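**Student:** Take a look at the letters that make up each chain.
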Amino acid sequence: MFEARFPEALLLKKILEAIKDLVQDANFECTESGITLQAMDNAHVSLVTLLLRGEGFDLYRVDKPESLGINLNSMSKIMRCAANNDTVTVDKLEGADTVRFLFESPNADRMSEFHLKLMDIDSETLEIPESMYHAEIELPSAELRRIVSDLSTMGDSVRISVSKEGVRFTVRGDEGSGSVILRQSTGVDKPEEAIHIVMNEPVEQSFALKYLNLFCKAAPLSARAQIKLSKDAPLLVNFSMNNIGYLAYYLAPKIGDEDIEE
Amino acid sequence: MTCNWQLAHVLWRQEHLRSMKVICTVAKKELSATFKRPSNGYELSFALPRPRPPQKHCGPTARRTAAAASRREVSCPTTPSRCRWSVRTHNLSAWNARTGTDLSGAAVVPSLQAASQPALVSARLARCAPATCNAGHGISSRRERRRVSDFFGYIPLGSFEGPGRLLTIFESAEVSLVKEMPPLHRKQSRRVVCVADTSSDDSSSSAMASEASKFPGPDKFQNAALTRTSENELDANQPGTGTLDSVEETPVYGAPTTDASSDGLSPRTPRKPSGTSSSLDREEGDAGGSELFGTGRLRPTASEQVAEVKSDVSPADADSNHRLASTLQTAQLGSSEAKPPKKRARKGERAKRTLSTKANGDSDDEDRQTGLYGALAADDYLKLFEPCWEPGQPVPYSFLANAFETMAGTSGRIDLTRQLACVLFHVLNRTPVDLLPTIYLVINRLAPAHEGLEIGVGDALLLQALADATGRSLSKLREDYHRTGDLGDVAVHSRTTQRTMFAVPRLTIRNVYNELLAIARASGKAMQEEKRRRIQKLLVAAKNNEAKFIARALQGRLRIRLAEKTVILALAAAFVQNAAASRGTHPDAARVERAAHLLRTSSNECPSWNMITEALLELQDIDERLLERCHLTPGLPVMPMLAKPSRSIAEVLTRFEGMRFTCEYKYDGERAQIHGLADGSIRIYSRNAEDHTRKYPDVMEQILQAVGSSSDQPSFILDSEVVAFDRDAQRILPFQYIQQRARKHVSLDDLKTNVLIVAFDILYWRGEPLTRKPLAERRAILRDAFQEVPGGFRFATRRDVSDLDGIQKFMEEAVRDSCEGLMVKALEGPLSTYEPANRTQHWLKLKKDYLRTIGDTLDLVPIGAYYGRGKRTGWFGSFLLACYNPETEQFEAVTRVGTGFSEEQMAQLHSEYAQYVLDSPRPYVACSESVKPDIWLDPRQVWEVQCADLSISPAYVAACGYIAPDKGISVRFPRLLRIRSDKRPEDATTSAQLAEMYRNQFRSTESSSESSSSAAPSDEEPERNADD
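Those protein sequences? They're chains A and B, same order as listed.
Each residue of the first sequence is one higher than the one before, starting from 0 at the first, in numbering that gives the first Met the number 0.
Each residue of the second sequence is one higher than the one before, starting from 0 at the first, in numbering that gives the first Met the number 0.
For the record, the hints were derived by calculation from the structure and aren't laboratory data.
One or more of the hints may lead you astray.
Here are the simulated lysine-lysine pairs, BS3-like style, with alpha carbons at most 27 Å apart [said to hold, decoys possible]:
#: 1; chain 1: B; residue 1: LYS382; chain 2: A; residue 2: LYS116
#: 2; chain 1: B; residue 1: LYS475; chain 2: A; residue 2: LYS209
#: 3; chain 1: B; residue 1: LYS536; chain 2: A; residue 2: LYS76
On a predicted model such as this, the values are computed, not experimentally measured, just so you know.
Throw the hints in and build the complete structure from the sequences for me.
**Tutor:** Here is the structure:
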């Protein structure tokens, strides 16, 4: 028996929106401490990690750890049937091959119930070594989304370089090129707009904008985004959701990129 | 100059010259010789004069003397021999210098020199090291050796054994001297001369060695060498074609021989006799020399031929006599040799065997396989690719991809087969469960043909998936694709721009196959998306060259030149090797050949690799039990038996001489193989084994009527033609009516055309395969089991005529009854079995238009178009057509067609082809710059084209290298007959077929070409040849 009640459907909707374009099928691992999801996209270029702590739920109960293989698209369709402020209860009986979604309106006058078939998805849990990053940037998630979508108009990949002056995003495409520079700012008036840059070593790497664009779909989940970079290591983009958990993306860099380098 | 000058001249002008008689001087002695231009250079062949001073009968002005001399020789009672010498070169001046040959006096010379140097061939010859050992082997006597040295100015250096009868006496990079002997008798052939290793192409030499090693076995499967030579002989002895000219043209020394030598069979350097070829040196020794030369045995053949020729000759015809003289002179050589009389009796036996060998399967195939079985019996090639996985583990795809890479760079069929056999052997040996997916990946198919499973991935989808997998932009990929023309290469070179998070598990053969299968089976509205995702997954996991072959597999073109027959051969070899390895023995060529034969038979009758592999893995070997397990089964369509085109009734009569045969109408419809299953259901399959059951609901009804209304339906397989039929007029309608029918989901109500089933053969009846029964018996069963249904089901109209007039008359009737012509089939004997998937000589087709054409129509694929002018402005004016070359998997431009189109058809084609217009030609299209079309078209359709004849052309690349080294074959006066929607582009006429037709048009018309190719075309019937 597994049961979890989300206070608001909106959160779950946002999470699904942020993952489903990257990954089609994924296993939700439900343990006593919470729900985790880890999956790579088809190209094995990016990896998404989701953690939802048990404490974040209205109700959370796991008798035995469960692995729920779910087609995210189908789940997203079901979630669309819930109003944003409905409570969502997800439960699965021991040995059942479906999972139940129960939507209840705040004043308890409407209840809807959906069952979703579970799938067998073989995926191994991958260990991502926690490493010291050469550079860490914390910025408003809206800002990140804007940069990524702006630069996407020009080309396919972005070169992120962190130096003493700040962090520079460069794009070069067939029609031209562009760049955005962000400098450290404390955001005296609005601390939520502050940009923090911690640089241990200068870093410069290229990434596919297509993936960054998909990552930015998580922006609604969190006001702030963290970017961590290291030489020859995947980029980490982290959106933390206060006390509930986080949604983090890893992205492998491009090498010898033809679109940027001559 | 004693050749038929007019003929030679005409032929030369048409670039058709293949051979002519010339007088040349060899070592200052005049000789009458045949001068030829095979594809790889020049060749002069002649008979060495006997030790006594030769008859002084030659010289351009001495024709009468020559005639007299030859007449004398006709009556000469000495034993003729058929040994013949030839000097071959690709370089005229080197030839002259080396041999003292002088071709002056022959008007041919300037033209010859104009012919370009075949670069390819010289490269190949240069690779061969001169033979330098065992001086004099192959020279039967001291006397002969002296003769040779007298004539050529050097002592014969050495020799090696080619396939049966070729001895290269001397060979340098430029000139080779070859002695050709009559086919070796089985017993004597055991003695094969061995020459020490001079490090050359390993595979070809071992091919040769083991070629020889299989001679000893008194196997019922005839060795290929014998087949080849005896086939030539058969040609020479065929009375019909054996008019004087063809005797003179005796192909014994013609194209097939030279083909063989250029295939690396004869003048290469053999290697040291190894364990597998131990039989070689068994009887090596001088004593064998004279036997090797062995003329005695052949005496009856030769003298018989003489007699035959003699009776045909009018003595006044000096010209013919001269030709005859040279034949006889040839034959006389070596007449003084010993000739044990008891062996004469074998001649008849040999001739019989010859016939049956020729009958069993495509002689061309056999030709090419010469030496192959031996090469596969050795075990050296099993180290070509080292297995890189543990026994029992899934086979990594990289093993296959690496092998593909090597194969893509291999051109020789022997090498290719050995490489593939090596791959299959290791898979079989270590992980037998992966054998089936391996086979499917190799032949680039997913399931048996009748399941109709196709990958169905377009270039656009593949490019999109590639972009997703590699992180490169679509536009860049497209650019690359246009530049390189090969998505495989694009895929390989695109792998580097994007890193992955974690190493992706290596691809294994089984998961590649399963993914491909899933891609092909994807359906529903998200089909494209699912396909794209799966392709992306495959491409992401692909390392190094794996991506190349995955992309190519998805495109449906592996481009490694692996025909199914190669796969069969390699698989047979792999099983033989595996069985031998487990027993600790060594396989021999006979075993391989036998296994290949069994496997070929069962795969023809049971074209499902699933079933065959399953049976093989269970049996762990290839033997007769395989035929019991995998045989004809209703519900499993076999490729139908096909017929060879025939040019004249005379040819037919020659072919079936002494046999009972029958003529049937050749209906102009669609071939249909109708299966009746034991459960009462009916299936109808097309000639490509596609399921057409849904297309012909009416056929089903009629069949049920025809088979009778018994409660339990017997199982059967019928071979038939479905034709459109006008029931009111009781008339057969043209092919187009059948084509108008939709391909699927036809319901009985909306049928516009009635169809008539014309059954002509039965392959299976009441649980019993009938393919090996003679046609007479099959036909009796057919007529017994089914009954005609008026307007629905009938038996093919047939008549068992046996004379020319009868056939001619029947032919006229067939044409009057709206048929295409006749099919001629043997009723009894070895030629009368049903050979699935074979275009054999067993069945001949005689089309009504054969008169002035090449005997058959061609199926060609439009690959380009030219803008129209005048009346056709704004439309396509003409189309560039191509044949298909399965060896290179390319479409090769062959001609340009602009006639045969109705205006309305032209308009329709124009709009239809608008969607197939390409910016640049497909990479698998070959075309020279000079005939480049204005617009490239995607090779999609097959057009049936009629033409006048075939000619050598420098502008068209079709069948380039088959006849002339750097020229192709073109079709003259093509005319569109119709569009064949029942054929795929890959089913078009092949380059090899084209080359064969080209050769055939000489074989049977050389006698008449004198008159017919001169300015005024004559109206005489082609049968006149035979009447004469």
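**Student:** Could you run down the list of hints and mark each one as holding or not?
**Tutor:** Going down the list of hints, with the structure as the test:
Between LYS382 (chain B) and LYS116 (chain A) the CA atoms are separated by roughly 51 Å; this puts the pair beyond 27 Å, and the hint is violated. A hinted pair counts as satisfied when its Cα atoms are at most 27 Å apart, and LYS475 (chain B) with LYS209 (chain A) qualifies at roughly 16 Å. With a C-alpha separation of about 25 Å, the suggested pairing of LYS536 (chain B) with LYS76 (chain A) holds against the 27 Å cut-off.
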